[in-house]
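So the chains spell out like this:
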Amino acid sequence: MVITYSYAEIKYDFEHTNISDIDRLIKLANRAEKNDIYKKKSEKSLKIAVLGTNSLQYVCKLLRLFVTFKCGIHADIYQGEYDGIANTILDESSELYSFLPDVVILTSTIDDIRKFPNLLSSNAEVEDVLKNNIDYYRLLWEKLSKTGAHVFQANFVTPPISQLGNLEANYIFSKTSFINKLNLEIIRQKTNRVTILDFDSLASILGKKKWFDYSSYFLYKQGFCFDFLGDVCNLICSQIAAFAGMTKKCLILDLDNTLWGGIVGDDGFEGIQLDPNNAVGEAYRFFQKYVLELKNRGILLAVCSKNDTDIAKEPFLKNKSMLLKLDDIACFKANWDDKATNIMRIAKELNIGLDSLVFFDDNPAEREIVKTNLPEVLVIDVPEDPAHYAYVLDSVHAFDWLQIAKEDLSRNSSYVSKEARAELESTFVNYDEYLKALDMSAEIGYLDRKQIPRFSQLINKTNQFNLRTQRYSESAIAAFLENEDYRLIYVELSDKFSDYGIIASVILKKNKDECFIDTWLMSCRILKRGVEDLVFNFIVETAEELNCNKIVGEHIPTQKNSMVRNLYTDYGFRRTDTGEMYVINTAEAKKRDTLIRIKTTEEKILDGNN
Amino acid sequence: METIKKLQDIFRDVFDDEEMEISRKMSPDDHDDWDSLTHIQLIIAVERKFNVKFSTEDMMMLKNVGEFVDLIDSKRN
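Residue numbers (our numbering), protein chains in the order written: chain A, 1 to 610; chain B, 1 to 77.
For the record, the hints were derived by calculation from the structure and aren't laboratory data.
With a Cα cut of at most 30 Å, we get these calculated DSSO-like pairs of lysine-lysine:
#1 B:K6 x A:K210
#2 B:K63 x A:K210
#3 A:K210 x A:K181
#4 A:K450 x A:K131
#5 B:K49 x A:K209
#6 A:K27 x B:K75
#7 B:K5 x A:K27
#8 A:K34 x A:K61
#9 A:K70 x B:K49
#10 A:K27 x B:K63
This one's a predicted model, so the numbers in the text were calculated from it and none came from an experiment.
Just need the whole structure built from these sequences, with the hints factored in.
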């Protein structure tokens with residue numbers, strides 16, 4: 001008897017399957033294949049090519065399952081031949097190129113390393129062999145750049161058996177030392193379009209003894225142990241999600257028995273368990289330290305606790321063992337309302353989507369309520385022992401981004417100064433007066449190569465103020481910069497309280513006498529300030545400079561960008577009959593006044609380069 | 001439980017077919033879905049559920065269910 005399974009059923013099963021239950025995952029993948037589940041289209045679609053030194057059948061099978069049910073991305077997967085990396089990439093007529101991948105995954109193993117140094121080689125000889133290997137990868141990256149795809153390349157996993165035994169760690173010419181050196185050199189030499197997948201770290205964490213389970217290795221030639229398929233696919237999937245702009249941006253934390261031991265309402269701010277001389281206290285402090293490091297790299301922190309606000313804040317202000325301070329928290333919600341409601345408030349205040357939130361709460365009942373009511377929020381399966389909190393949170397790979405930029409490091413503080421701004425705003429009755437008091441200044445101009453990472457980050461992460469939600473890799477953006485028909489525009493904003501860095505990205509394309517707005521997006525942090533007027537004025541000036549007598553815009557509606565559906569009509573564009581296209585004659589476009597001061601050239605020089 | 005009955009449960013699980021019946025004579029030729037991939041899955045499931053370990057040589061030799069049952073029994077004793 002053949003049983004049929006629906007998308008929803010498989011999704012539910014997937015979400016309740018442990019990542020190490022490979023049998024079940026394979027079963028679900030087979031069900032998805034047999035029931036044509038993968039034919040279902042979704043908003044995001046990606047073509048993923050998987051190449052490797054080893055057998056890729058199961059990797060592709062499970063990767064498709066993860067990408068579909070974890071990320072909601074419709075994936076088209078090209079499975080490379082066994083040991084086909086060089087053949088497939090170097091042959092421009094291979095199917096890889098006609099497949100037109102968006103993403104290429106390279107899972108090479110140490111069997112792929114062309115040459116190792118001879119024993120007793122000098123440092124110079126080792127460097128030569130290194131260069132030889134790097135040249136090979138440079139060639140692969142160069143060939144792959146023709147596809148415009150982003151490359152995710154696994155680093156090399158050092159094996160648990162070795163030629164020299166303990167001596168491997170004592171000589172630069174040993175195979176193990178060379179593998180480590182090669183891994184580091186690849187970081188140095190890789191192009192912007194290459195992201196490394198840290199297989200070496202994953203294998204270490206899971207156990208290299210098992211990763212290289214040799215009898216199975218020879219039998220099914222996958223390159224790593226079957227039992228780790230779930231973890232490997234989860235890692236690849238989290239990076240693909242980041243590439244698709246689906247990043248988590250904020251960690252919401254409970255307080256009692258999450259950030260400290262005990263209940264502050266009962267024990268008082270001095271009675272909570274954070275004693276550095278006590279094992280339990282140390283465990284909570286360790287977790288706070290980890291969370292603080294997340295904040296320092298650009299992840300927003302929020303608190304969601306069932307407590308009176310003042311009582312909840314006391315430890316932050318008065319307990320000397322607290323590592324987190326109130327200033328580290330971008331949004332603090334402590335009250336007696338249910339947590340789902342509070343989490344929605346947090347999302348609204350921080351102006352980010354529910355699907356960018358991660359929720360960490362020791363109480364399983366609270367977690368269940370959030371899971372049920374807010375399925376887009378990632379709820380962490382918090383373990384019993386606080387000593388394991390940091391590890392479990394880390395192992396989920398919730399915050400794997402594609403890159404970090406300068407703006408990330410100061411993100412949290414700009415939200416904190418938001419409170420200061422809110423206070424300022426409350427003293428003004430007239431919104432314009434408030435905007436004036438903010439003393440905003442901006443730099444708007446054509447993009448410079450150095451700014452590409454942040455420009456690209458904005459393009460790939462912004463969902464709300466985003467007209468066409470086109471995602472471009474850094475290499476694609478670099479290509480636009482070289483193209484005379486394109487103009488790439490950035491806006492940097494500062495106000496009295498903060499320096500926001502680049503907060504708007506615009507890409508214009510000249511099509512004969514039409515200036516087409518390919519991309520127009522802005523960070524949600526600075527909405528309702530008049531930045532869009534600044535951008536519009538500059539677009540008009542650029543269209544004039546390009547001798548375009550028409551400016552054309554398009555709105556591609558998504559679930560998240562309804563806020564811009566009337567943007568072009570507001571600026572006086574006419575809607576055309578064909579879909580969501582808007583046109584205005586350049587000569588008729590009216591520039592707007594803004595309360596944002598444009599920085600003079602002297603000021604720009606004083607501020608220095610990015 | 002008899003080895004072949006327990007093995008049948010494993011086959012039913014791997015092939016995702018609750019009504020599958022196996023016999024000693026059954027081999028990969030008899031079943032469309034029994035390819036090298038499912039073969040590996042079967043071996044891994046058997047190792048885990050019977051708590052035995054097969055050598056590389058063992059795994060290469062299995063031609064049908066009967067040989068599988070005999071091999072498992074030999075490991076258990």
